[in-house]
Amino acid sequence: MNLPFRFYWSLFKRRLPVMMALFLICSGLGVVTALQLPPTYMSSARLQVDPPQIPDEMVVSTIRTEVAEQLQLIEEQLMTRANLIDIAQRHQVFEGMAAMTPDRIVQAMRDSTRILRSGGRGQASLMAIQFDARDAQIAADVVNDYVTLVLEANSSFRRERTENTLSFFEQEAARLAGEIEEESSRIIAFKNENVDALPEDLSYRQDRQSTLQERLGRLEQDRASIVSQRSEMIAVFEATGRLGSDTRRELSPEEQRLQQLELQLAEDLTVYSDSNPRVVQLRRQIEQLELAISGGDPGDWQEGTEAEPTFLDITLAEMDSRIEEIDLEIVRVNEELERLSRAIAATATNSITLERLEQDLESARTRYNSVLGNLNQARMAERIEINAQGERISLIEGASVPQEPSGPARKKIAVMGGAVGGALALAYFMLLELLNQRVRHPAELQSRFEIVPIGVIPYLESRGEKWRRRLLRLSALAIVIVAVPAALYYVHTEYVPLEILVNRVLVQMGLA
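Under the numbering used here, residue 512 is the last one in the sequence shown; the count climbs by one each step, no gaps.
Hints in this document: simulated from the structure, not taken from any laboratory.
Glycine included, C-beta positions come from ideal geometry on N, C-alpha and C.
Incorrect hints may appear among the rest.
Here are the simulated distance ranges between beta carbons [stated by the list, open to error]:
hint, residue 1, residue 2, range
1, Gly418, Gln107, 27 to 33 angstroms
2, Pro277, Ala235, 26 to 32 angstroms
3, Ser167, Val401, 41 to 47 angstroms
4, Arg367, Asp207, 36 to 42 angstroms
5, Asn164, Lys412, 48 to 54 angstroms
6, Ala82, Arg121, 23 to 29 angstroms
7, Pro199, Pro277, 36 to 42 angstroms
8, Ala235, Asp207, 41 to 47 angstroms
9, Arg121, Arg367, 34 to 40 angstroms
Using the sequences and the hints given, assemble the complete structure.
This is the structure:
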């Protein structure tokens with residue numbers, strides 16, 4: 001629905017006093033607030049993040065936190081409740097702090113503080129700290145306290161990180177050293193318990209087993225040979241009453257015995273050493289027979305015949321003794337072979353267990369060596385931080401006492417007051433239009449009832465009514481122009497200053 005401009009103009013003139021009142025009230029409040037607000041002073045300091053003086057290629061830093069993350073952590077530590085309340089009370093930043101709650105003090109400090117961070121790839125990392133205060137010296141002191149806290153927080157942050165890293169690797173190195181010692185003790189104890197079945201001696205035991213098996217075979221052959229000779233000798237003697245053939249009769253019994261002993265000695269020397277008791281005994285018997293033969297009568301055949309049973313007994317006794325010695329040696333060899341067999345059978349299990357223990361030991365040594373490398377790096381990193389050779393935050397420009405106030409922006413506040421008044425006046429005009437449902441113009445009649453009026457008879461005012469309406473409009477306008485500033489002045493001087501009133505309103509609205 002389109003209404004004529006003259007109709008809206010008449011509505012505007014009719015509502016102008018109220019709209020003017022709203023505009024003047026807001027503008028007056030803005031102007032008075034801009035003029036009455038106390039001056040504020042801003043002080044600032046600039047810091048930068050210095051790169052490490054020793055390259056990472058030479059000594060790897062144990063602090064892997066990015067620069068932006070470090071600055072953010074430091075900012076969060078700086079803006080803690082305890083720090084803000086302490087600084088505010090130390091410098092009496094706000095007037096009437098005794099009446100302010102701790103929450104209000106913290107919020108006011110955060111509203112007055114600005115921390116700006118900049119940086120990026122290929123750019124220096126910078127931090128700027130600004131603070132607005134009612135006094136220039138207070139602003140500078142607060143910023144200097146902020147800078148001190150930032151530098152201390154950075155130093156403490158890096159020192160704690162390096163110390164914690166060093167402490168961790170020292171504890172880990174001590175733990176792994178104890179683990180290595182424990183694994184070594186377990187290996188030593190296992191070897192002592194299984195000294196006869198260790199894998200490193202397996203080849204020796206196998207060679208020894210082969211040697212003993214060969215030795216056992218020779219012993220069994222010798223025993224079988226002696227047993228066969230003994231049986232043949234008894235069979236010949238029982239059949240003929242003599243030992244040997246007729247040719248043997250030409251020799252005396254001592255000579256025959258000497259010949260047998262020499263043959264037996266030659267046979268034993270292939271098996272035993274010269275110091276063996278068996279060899280020594282045979283040599284002694286040979287020496288005695290040689291002495292007997294050299295002092296007797298070799299031609300006496302009758303005496304030889306009478307001594308022949310004695311020779312048989314001696315020979316059989318010697319054979320029995322030899323068989324007994326071979327049996328004892330066979331038993332000893334079998335016992336040793338049994339021990340070797342058990343040891344060889346247990347070697348496989350012991351090898352697996354020992355290999356597992358040695359793998360555990362090697363794993364602990366590998367981890368220990370790795371921890372030692374990290375421990376050395378942690379020690380170097382700690383020395384770098386102690387000597388301030390690593391990455392750190394340094395002060396570029398400290399806070400100075402400002403000579404001129406930085407605020408408030410009085411022109412902006414006054415203009416903002418006028419803009420708010422104009423917006424309220426326009427909103428008042430539009431609200432009345434939206435709420436008014438009366439028919440005030442032929443166009444509205446045609447739009448609402450879809451009829452075309454034949455004619456419109458306007459309301460004709462008399463001269464007196466016209467003058468009375470104009471007088472009321474002018475009076476209302478004059479009242480607005482004069483009374484509104486007068487009322488604001490009265491409130492400001494007699495009741496409460498307007499800046500405090502505006503501040504309370506802004507606080508209630510959450511804008512301050």
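Hints violated by the structure (listed by number, smallest first): The structure conflicts with hint 6 only, although it agrees with all the remaining ones.
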